[in-house]
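Q: Quick note, the sequences are listed as chains A and B, same order. The working numbering applies: residue 2 is where the first sequence begins, and numbers increase by one. The working numbering applies: residue 36 is where the second sequence begins, and numbers increase by one.
It is worth saying that the hints were derived from the structure and are not from the lab. Certain hints may be false.
Label pairs and their in silico Cβ distance ranges [what the hints assert, rightly or not]:
1) Thr105/A x Lys169/B: 23 to 33 Å
2) Lys44/A x Lys169/B: 30 to 40 Å
3) Ser168/B x Lys190/A: 20 to 30 Å
4) Lys190/A x Thr94/B: 57 to 67 Å
5) Gln63/A x Phe138/B: 43 to 53 Å
6) Val198/A x Asp91/B: 36 to 46 Å
7) Ala144/B x Asp184/A: 53 to 63 Å
8) Ser317/A x Gln178/B: 27 to 37 Å
From the three backbone atoms N, C-alpha and C, an ideal C-beta is built for every residue, glycine too.
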Amino acid sequence: MSDKLKLFSAGLTEQDNMVVSTATKLLSYDDVGFIVNDGEISKAHLLIIDEDSPSGKQALRQSRAGQVKLLVSSKPKMAKNIIGLQRPIDLSTLKSVLKKLYATLHAQLSTQKLNTATQPKTEAVMELKDSLFNILIETKLKKRVLHITCDELPDIFIDGCNQCLATTANESELEKIFSLALDQITFYKLKPKSFAVHSNEMNVQSLHNILWLAGIRCSKGRLLPGHSLDKPFRLKAWPNFTRSSFIAEHLKLAAILAKQPMSMHQLAETTGVKMAEVVNFYNAALAVDLIIYEQGNKNLSGKSQPRSLQQQGLFSRIAKRLSLKGIF
Amino acid sequence: MDKIIFAGPVGAGKTTAIGSISEIPPVGTDVTCTDESAQIKEKTTVAMDYSYITLDDGTRIHLYGTPGQDRFDFMWQILAKDGIGLVLLINRDHPDPLHQLGFYLNAFADFIQETGVVIGLTKSDISDKHDISKFQDFLYERQQVFPVFDVDARSEDDIKVLVHALLAVLNH
Numbered sequence: 002m003s004d005k006l007k008l009f010s011a012g013l014t015e016q017d018n019m020v021v022s023t024a025t026k027l028l029s030y031d032d033v034g035f036i037v038n039d040g041e042i043s044k045a046h047l048l049i050i051d052e053d054s055p056s057g058k059q060a061l062r063q064s065r066a067g068q069v070k071l072l073v074s075s076k077p078k079m080a081k082n083i084i085g086l087q088r089p090i091d092l093s094t095l096k097s098v099l100k101k102l103y104a105t106l107h108a109q110l111s112t113q114k115l116n117t118a119t120q121p122k123t124e125a126v127m128e129l130k131d132s133l134f135n136i137l138i139e140t141k142l143k144k145r146v147l148h149i150t151c152d153e154l155p156d157i158f159i160d161g162c163n164q165c166l167a168t169t170a171n172e173s174e175l176e177k178i179f180s181l182a183l184d185q186i187t188f189y190k191l192k193p194k195s196f197a198v199h200s201n202e203m204n205v206q207s208l209h210n211i212l213w214l215a216g217i218r219c220s221k222g223r224l225l226p227g228h229s230l231d232k233p234f235r236l237k238a239w240p241n242f243t244r245s246s247f248i249a250e251h252l253k254l255a256a257i258l259a260k261q262p263m264s265m266h267q268l269a270e271t272t273g274v275k276m277a278e279v280v281n282f283y284n285a286a287l288a289v290d291l292i293i294y295e296q297g298n299k300n301l302s303g304k305s306q307p308r309s310l311q312q313q314g315l316f317s318r319i320a321k322r323l324s325l326k327g328i329f
Numbered sequence: 036m037d038k039i040i041f042a043g044p045v046g047a048g049k050t051t052a053i054g055s056i057s058e059i060p061p062v063g064t065d066v067t068c069t070d071e072s073a074q075i076k077e078k079t080t081v082a083m084d085y086s087y088i089t090l091d092d093g094t095r096i097h098l099y100g101t102p103g104q105d106r107f108d109f110m111w112q113i114l115a116k117d118g119i120g121l122v123l124l125i126n127r128d129h130p131d132p133l134h135q136l137g138f139y140l141n142a143f144a145d146f147i148q149e150t151g152v153v154i155g156l157t158k159s160d161i162s163d164k165h166d167i168s169k170f171q172d173f174l175y176e177r178q179q180v181f182p183v184f185d186v187d188a189r190s191e192d193d194i195k196v197l198v199h200a201l202l203a204v205l206n207h
């Protein structure tokens, strides 16, 4: 049987206690295991409390804010980490809720164990120097016109004045170019008027597209020089994900940074996203001018509504149903 | 009822976008346009478009497309009630898409505050008049840094990315 979770009940009627006992027994036959009322309330993974009873109210006071609670009452309500159950508890409803919570809590506990085991508290992040990405950023900032060439891969022409580039390389070829060491690439400075000549019959696109791709692919967890993991920042706009390369974690990072400033350290801790991916995202967003530096707890883009466990579960199932190959 | 609302002006691609991800072709309430909308398209939605997707546990997520004409705006709040979130589509080829964006953000302000919104700019393949940065700057000035992406309403992947971004907004 899979690991059992600790369930603590308080203030329930005799009938509701019997329903809890029956539900946990029936679920045990499906390998969904709970240990009921063994140990302190604060150590339980899940609480079932009748919030209208005196002993239930006392148990609530002793509970932790982050604990998942099934609150039994005559007027059930839903909130973050709270699922309301109508009194008297319906056996079928309780079984269904416990089964879903078991899966969710088990997954969370497994992820926490994995993150603790594999991610050190503070990660050393190297500096990103001497890469094609650094050169592309410099070309943009100094408004240079550049010709990039390497063996057996298409040339790239960059117009830093007009923020565009021309190449016949597809995304796969661009990624190969980004993975080359600088001594495998040759650079030629051009006169501004030369770009139009060289880019004739080529695919001319925004420089931002290639800067984003280079940031995501070239960075490999290394931070651009002169930037700090502890300086709060936020996004002034979402990256255009339908037209840019991205991974699922980028949506999470963008959603948070669109609302409030955070440092990279805080982001990695809060979201569980690996620091290397946070750094890649930061570098790419910086390169395409999406980063602004702010302090404080300003929460923009509307207030954040805490989502109940049921809602979070629903959103996960929608995401699974509309999965994107290679990303979700 | 678990539902996602697709809103936006006439011709933005709401019906097409729903059809890109839904299990059945959207059931529509289209009639022939007789007003200025006839210059944009032949038919328009007068009540709603409807379709759905089914999740692995059998739950149906209903997809509602609102009518685009603002004389049917009474339908918008009715359809949006108890919805999960809003997918707002704006036609980039329109002469003043920023004004349209502001209009719809205001019209659905309460619903957006309670849930969330993601914005898709359609018809980018036929118009590059308004760079996406203009929409990003517009939203930033309103202190509403919502997701705004270029989309092709016919593209299943593009509409899926919109929905995933909406879920990210709702979750965080």
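Q: Confirm or reject each hint.
A: Checked hints:
At about 41 Å, the beta-carbon gap between Thr105/A and Lys169/B misses the expected band of 23 to 33 Å. Evaluation of the 30 to 40 Å hint for Lys44/A and Lys169/B yields a failure: the beta carbon distance comes to about 54 Å. Range check, Ser168/B to Lys190/A: Cβ separation about 28 Å, and the 20 to 30 Å hint holds. Separated by about 59 Å at the C-beta atoms, Lys190/A and Thr94/B satisfy the suggested range of 57 to 67 Å.
In this structure the hint that Gln63/A and Phe138/B lie 43 to 53 Å apart at CB holds, the actual value being about 51 Å. About 56 Å separates the C-beta atoms of Val198/A and Asp91/B, a value inconsistent with the hinted range of 36 to 46 Å. At roughly 56 Å, the beta-carbon separation of Ala144/B and Asp184/A lies within the given 53 to 63 Å, and the hint holds. For Ser317/A paired with Gln178/B, a C-beta distance near 30 Å keeps the hint of 27 to 37 Å intact.
The structure does not agree with the numbered hints 1, 2, 6 stated previously, though it agrees with the rest.
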